[in-house]
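Visitor: If you want the building blocks of each chain, they are given just below.
Number of protein chains: 2
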Amino acid sequence: MARNFVCSKTEPIVTTKAGKVRGYIIDGTYTFHGIKYADAKRFQMPTEVEPWEGVKDALSYGYVCPMLSQDVPQGEIMVPHRHWPKDENCQYLNIWTQSTSTAAKKPVMVWLHGGGFTAGSSIEQVSYDGENLSKNGDVVVVTLNHRLNILGYMDLSPFDERYKNSANAGNADIVAALKWIQDNITGFGGDPDNVTIFGQSGGGMKVWTLMQTPSADGLFHKGVIQSGLINGFMHSADNNGTKIVNALLKELGFEEGDVLKLESVSFDLLAAAYLKVAPELARGGAYIGCNPIPNEFYVGDPREVGFTEHAKTIPVLIGSVMCEFAFGPGVANKYELTEDVMRQMVENRYKEASGDLIDLFRIAYPDKNLTDLLVLDSLFRDPTIDFIKKKAIHNEAPTYSYMFAYEFPFDDGKPSWHCSEIPFIFHNTDKVPVCNKPGVSDKLEDQMLGAWVNFACYGNPNLPALPDWPACVEGDEATMIFDENCIIRHNFDHDLVELHKKAAPKFPFGGETILH
Amino acid sequence: MARNFVCSKTEPIVTTKAGKVRGYIIDGTYTFHGIKYADAKRFQMPTEVEPWEGVKDALSYGYVCPMLSQDVPQGEIMVPHRHWPKDENCQYLNIWTQSTSTAAKKPVMVWLHGGGFTAGSSIEQVSYDGENLSKNGDVVVVTLNHRLNILGYMDLSPFDERYKNSANAGNADIVAALKWIQDNITGFGGDPDNVTIFGQSGGGMKVWTLMQTPSADGLFHKGVIQSGLINGFMHSADNNGTKIVNALLKELGFEEGDVLKLESVSFDLLAAAYLKVAPELARGGAYIGCNPIPNEFYVGDPREVGFTEHAKTIPVLIGSVMCEFAFGPGVANKYELTEDVMRQMVENRYKEASGDLIDLFRIAYPDKNLTDLLVLDSLFRDPTIDFIKKKAIHNEAPTYSYMFAYEFPFDDGKPSWHCSEIPFIFHNTDKVPVCNKPGVSDKLEDQMLGAWVNFACYGNPNLPALPDWPACVEGDEATMIFDENCIIRHNFDHDLVELHKKAAPKFPFGGETILH
Chain V
516 MARNFVCSKT EPIVTTKAGK VRGYIIDGTY TFHGIKYADA KRFQMPTEVE PWEGVKDALS
576 YGYVCPMLSQ DVPQGEIMVP HRHWPKDENC QYLNIWTQST STAAKKPVMV WLHGGGFTAG
636 SSIEQVSYDG ENLSKNGDVV VVTLNHRLNI LGYMDLSPFD ERYKNSANAG NADIVAALKW
696 IQDNITGFGG DPDNVTIFGQ SGGGMKVWTL MQTPSADGLF HKGVIQSGLI NGFMHSADNN
756 GTKIVNALLK ELGFEEGDVL KLESVSFDLL AAAYLKVAPE LARGGAYIGC NPIPNEFYVG
816 DPREVGFTEH AKTIPVLIGS VMCEFAFGPG VANKYELTED VMRQMVENRY KEASGDLIDL
876 FRIAYPDKNL TDLLVLDSLF RDPTIDFIKK KAIHNEAPTY SYMFAYEFPF DDGKPSWHCS
936 EIPFIFHNTD KVPVCNKPGV SDKLEDQMLG AWVNFACYGN PNLPALPDWP ACVEGDEATM
996 IFDENCIIRH NFDHDLVELH KKAAPKFPFG GETILH
Chain E
516 MARNFVCSKT EPIVTTKAGK VRGYIIDGTY TFHGIKYADA KRFQMPTEVE PWEGVKDALS
576 YGYVCPMLSQ DVPQGEIMVP HRHWPKDENC QYLNIWTQST STAAKKPVMV WLHGGGFTAG
636 SSIEQVSYDG ENLSKNGDVV VVTLNHRLNI LGYMDLSPFD ERYKNSANAG NADIVAALKW
696 IQDNITGFGG DPDNVTIFGQ SGGGMKVWTL MQTPSADGLF HKGVIQSGLI NGFMHSADNN
756 GTKIVNALLK ELGFEEGDVL KLESVSFDLL AAAYLKVAPE LARGGAYIGC NPIPNEFYVG
816 DPREVGFTEH AKTIPVLIGS VMCEFAFGPG VANKYELTED VMRQMVENRY KEASGDLIDL
876 FRIAYPDKNL TDLLVLDSLF RDPTIDFIKK KAIHNEAPTY SYMFAYEFPF DDGKPSWHCS
936 EIPFIFHNTD KVPVCNKPGV SDKLEDQMLG AWVNFACYGN PNLPALPDWP ACVEGDEATM
996 IFDENCIIRH NFDHDLVELH KKAAPKFPFG GETILH
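Keeping their order, the protein sequence lines are chains V and E. Using this note's numbering, the letters of the first sequence correspond one by one to residues 516 to 1031. Using this note's numbering, the letters of the second sequence correspond one by one to residues 516 to 1031.
If we strip away everything but chain V, and leave its shape as in the complex, we get:
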């Protein structure tokens, strides 16, 4: 059925601090794509955009940050992508809202995309589209691009004062976006005093790194961390960028110390040089320059340095999915295999630990097929449990835990994989065929959207359509299992994860490539 579309010379127009922008309205959802929220010179801190006269169209998504290498089109059935033209002048955001009345004051949900700190964009996944979340949740949804990889996270601080925060320039872009939201979101029907940042994978990491970023204090009020902690990913810097910058200069044929040239060389050349020198530097233990590192701007990993006083006041909703790296071929006819065959498969993978693992798996996941243990995740789940423990001991704000354990109707029954919960949060299963299970998936996306929205509204994800969901307290991780039937469990998999992380320390099935 045709929808109501409005985009005239006078409507919808919103006045921002820098000037007017025009979006469009589709069936009541006000939509703005590609609003520039900041400008930045390479490696330097973002600045406010210059004011303009007249009305700028916000009808096309903006450039996304260049990546170090081109994506390979594969696995689209599991995670459908949108690619987009790239430019380092990439500080754009998108807004979906149900009102442009300054009196509306709806909760604001700001999505931080995944892809580590090196890849992805606000529109990288088809499921990031904000219309359904805004409409069904009556919230203001903001998604944004920011600088990534060597453009956003390479430390050049020893070389010049103006690079003093280049190691966190990408996160500084996000802070600039959050400031833009403080300045402008009222005009889009949003409440600047009720802003939730949420993100998955690298986006989850951005949530907790921003909790530890003093300049972001007060710019957001709640955080959702989806599969945002992974063992072995966030390594501490063992130098301050000098080695990699010097290697880059040498590779590019520039003189030692001539860092200014790195500002103007084309990104393609810079990236090629980086890709050439990075492996050798990494082998030598040198930091590879694509993650936030602690400095004046960023306090550091809360699990290592403790939560800041402000971070303790942030309600957190945190979780992961059952089989994060289950990207490989599924097990054929898994529900027709005999117990013996399945046990043998488990033993082939986990050797002597398999017996105990099976027992613990049966306790944690009594309704799941034993073959799911072959691709069970602990790389994310283990640090997530650790984060929850360390956050929940602070009483200033609640911490809610979830596990996404839905089985998809793909490959004879595919356990949940990294990113697979996102279409449910955004109520976008209509755009991702693999999610669809009549009688099941609609209910689950209603429940998950409802929980996320209630958390954004009230700092509490409870809603009538779910069992009572207590916050975590010391010694008791109450976890909402999102599945065909949602239930609450307590410390349901801690023993399993403890054993699994020792028995399966490596990524299964080439999952290494997923986080770049």
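None of these hints come from the bench; they were simulated from the model. All values reported here derive from a predicted model rather than from experimental measurement. Each residue gets a CB set at the ideal place from its N, CA and C atoms; glycine is no exception. Please note that the accuracy of each hint is not assured.
Quick list of in silico lysine to any residue cross-link-like pairs, SDA-like style, CA-CA up to 25 Å [to be verified]:
id, chain 1, residue 1, chain 2, residue 2
1, V, Lys601, E, Ser781
2, E, Lys571, V, Gln585
3, E, Lys946, V, Ile528
4, V, Lys571, E, Tyr850
5, E, Lys883, E, Thr853
6, E, Lys535, V, Gly590
7, V, Lys952, E, Ile541
8, V, Lys571, E, Lys946
9, E, Lys883, E, Tyr850
10, E, Lys524, V, Met857
11, E, Lys601, V, Glu603
12, V, Lys524, E, Leu852
13, V, Lys791, E, Ala787
14, E, Lys952, V, Ile528
15, V, Lys694, V, Pro588
16, V, Lys946, E, Gly590
17, V, Lys650, E, Lys946
18, V, Lys532, V, Asp732
19, V, Lys571, E, Asp586
20, E, Lys866, E, Gly747
21, V, Lys571, E, Ile541
22, E, Lys535, V, Pro588
23, E, Lys571, V, Ile528
24, V, Lys524, E, Val856
25, V, Lys524, E, Val587
26, V, Lys650, E, Pro595
27, E, Lys952, V, Glu646
28, V, Lys601, V, Thr617
Between beta-carbon pairs, the in silico distance windows are [said to hold, decoys possible]:
id, chain 1, residue 1, chain 2, residue 2, range
29, E, Glu778, V, Pro953, 48 to 58 Å
30, V, Gly843, E, Asp586, 25 to 35 Å
31, E, Asp1010, V, Met516, 34 to 44 Å
32, E, Gln697, V, Leu790, 39 to 49 Å
33, V, Asp961, E, Leu978, 33 to 43 Å
Could you slot chain E onto chain V? The hints should help.
Guide: Just chain E now, kept in the frame of chain V:
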């Protein structure tokens, strides 16, 4: 509502000549993305793909051909795009079908994308998605990528026998795809004896160049040319590629005649060199190497050299849109302007011709706003009329004419622009917000899809929901005007177009960039 999704280890799988492929089924539509239909070495003719064992997944769109320059993200509200990873190994096709029974024998519609012969892809526009067309029309829809620009259409024939058709390698890819369809489409429920090629802009040009390509004779049976002729675009070659190839070699620092090096140099370097030398060569009158040129493979423009005997037997549906290059800002409050103001605007643009143009415009488009004349098209319409005249004199097969004149609910009433009819043909107005006008757009997409499908089925676009639509005959161009009310007109705008092309020889409003 959740949809029915099927993609198991055993279903849906189709056996092709080279091996088995697996797609997915969504609400009954069998969907296959990214099937490799040919391989090719750079500048050389395509070859059949190597056979494989087992089952290949056809669940991700394949690489698209690299372009000479990156697109700028703008105008998305009018033509929403999908970008994708690029590689010259780009011979991939996609299929949507309602059956995989070899007995189904449904008509096959093969979409050839636009972007001149230099850009675009099978998925470049959101509206190219084939599901709705297949489902609503009960046809097999195929979309495909092929080589473009210097990879697909640069003449190196003087340098080596193996480059003898490099000037038409891109079209040769399409012929390979049509051969693949002959070999394999039965397994996807299609009728290899009822294949229609249809395309818009460059895609329309591909349709008529393939009509003039003997090796494609018998591989398709009908053709639809949508905005596929433009004055001044298809210039004859004034040399055989020697000048441009030599300029490229020089720019790249290779020795004269060392053409082999052009096969292995990276596309990025090749493209950069081409972009550097092309303008100077073009100024010197040298062919810029991105369009098909007549050779043993391709007979030439039928309006210049005549239709081949085989082309005369191809039923053709052909048309354009009212204001092809109306991409610029619309006229504000156009329906509130006085006659005097509108006449003044027309006079500012067309000077002394304005009075006659207004009279002729009122005859051709009695219900349209006079400001639409400011962006009226004749660059496409003029050669389209010429093509129809020259085709319709042959009685071997019918020629049907249409004009798309829908006004979009955008910018206070926006006349139809280049590409704007595509969502209606594909029944994809649900994916393109700007098309939506409750009570109007649903009906129009039903009518247009119905006409296209009936033409594909029977070589005749008539259907009960439209007025009687006669084929064109000498001296009588019967044109279906697709609009809120569809009507048949006869030679309705010939005088207008004749005057307009003299009064407005230039692209208005920067439309030059659209066709690359």
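Visitor: For which of the previously enumerated hints does the structure constitute a violation, in increasing order of number?
Guide: 15, 21, 23, 28
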